Amino acid sequence: MRERFKGAPEVIYTASKTDEQSLEIAEQFLQRTGRAILSRVSSSLQARLDEQYGDSELEWYPASRIAVLRRGPQPERKGGRVGVLTAGTSDRPAAEEAAVVCQEMGCTVHAQYDVGVAGLHRLFDPLKRLLNEYDVDVLIVAAGMDGALPSVVSGLVDIPVIGLPTAVGYGMGGQGHGALVAMLQTCAPGLAVVNIDNGVGAGVTAALIANRAESQRTGRLERVQHTAETAE
Numbered sequence: 005m006r007e008r009f010k011g012a013p014e015v016i017y018t019a020s021k022t023d024e025q026s027l028e029i030a031e032q033f034l035q036r037t038g039r040a041i042l043s044r045v046s047s048s049l050q051a052r053l054d055e056q057y058g059d060s061e062l063e064w065y066p067a068s069r070i071a072v073l074r075r076g077p078q079p080e081r082k083g084g085r086v087g088v089l090t091a092g093t094s095d096r097p098a099a100e101e102a103a104v105v106c107q108e109m110g111c112t113v114h115a116q117y118d119v120g121v122a123g124l125h126r127l128f129d130p131l132k133r134l135l136n137e138y139d140v141d142v143l144i145v146a147a148g149m150d151g152a153l154p155s156v157v158s159g160l161v162d163i164p165v166i167g168l169p170t171a172v173g174y175g176m177g178g179q180g181h182g183a184l185v186a187m188l189q190t191c192a193p194g195l196a197v198v199n200i201d202n203g204v205g206a207g208v209t210a211a212l213i214a215n216r217a218e219s220q221r222t223g224r225l226e227r228v229q230h231t232a233e234t235a236e
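Residue numbers for the sequence shown follow my numbering, beginning at 5 and rising by one.
It is worth saying that the hints were derived from the structure and are not from the lab.
Treat the hints with caution; some may be incorrect.
Taking lysine-lysine pairs in the DSS-like style, the calculated list, with each CA pair at most 30 Å apart, reads [to be verified]:
{"#": "1", "residue 1": "LYS132", "residue 2": "LYS82"}
{"#": "2", "residue 1": "LYS132", "residue 2": "LYS21"}
{"#": "3", "residue 1": "LYS10", "residue 2": "LYS21"}
FRET-style restraints, in silico, Cβ to Cβ [to be verified]:
{"#": "4", "residue 1": "ALA122", "residue 2": "ALA192", "range": "14 to 20 Å"}
{"#": "5", "residue 1": "TYR174", "residue 2": "ARG75", "range": "40 to 46 Å"}
{"#": "6", "residue 1": "GLN189", "residue 2": "GLU28", "range": "39 to 45 Å"}
{"#": "7", "residue 1": "ARG126", "residue 2": "ARG75", "range": "18 to 24 Å"}
{"#": "8", "residue 1": "HIS125", "residue 2": "ASP162", "range": "21 to 27 Å"}
{"#": "9", "residue 1": "SER46", "residue 2": "PHE128", "range": "37 to 43 Å"}
{"#": "10", "residue 1": "TYR138", "residue 2": "GLY159", "range": "36 to 42 Å"}
Computed from a predicted model, the values in this text were never measured in an experiment.
From the three backbone atoms N, C-alpha and C, an ideal C-beta is built for every residue, glycine too.
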């Protein structure tokens, strides 16, 4: 139902559920929609998924610990283009979570990792590639520690930037708190911020922006129909 109204898929957050609960919900999703997306998958749940579902049905993303179960075709390509940047390799799990969600919403994703402000020279070529070669509609920028990269990027580009703070860091302001506050306090306009490690939220927001941009490009603006037919 959410996907019909919102254009965004349901994601099963497994961290607060038992393995049995997650498996039961996933099977219900598979039977109803042909797809189930599970986030924050534990090692024990991964083993259960491997046992219960074959390679033909299970797609596993180890960095982000996301699993996608599928009985049917791949998502329809909607043409949206999303760029993903991370400050460091440690930010990749949250960034990949966002990227997987974007792909499941029909977007093409181009990712560049480890381009943070500690070595600012690393940023410019990947950023130019995303803007000029891939012509992305929106950027997701993941960073922990001081959380500076999204503000820097937002000050350099003319497209929306989604800041994704990650729970990377230690001591005062560690576990993503410093990164979140830094992004919220940005003076660079055009930067929106999600919560710490909220890759799903960043991915959904980016995909909605990118797919709407594509529909405007092609003159095929798709409007959600809040009618009885939609609710059936």
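Could you tell me which of the numbered hints above are not met by this structure, giving the numbers in increasing order?
-> 2, 7 and 10
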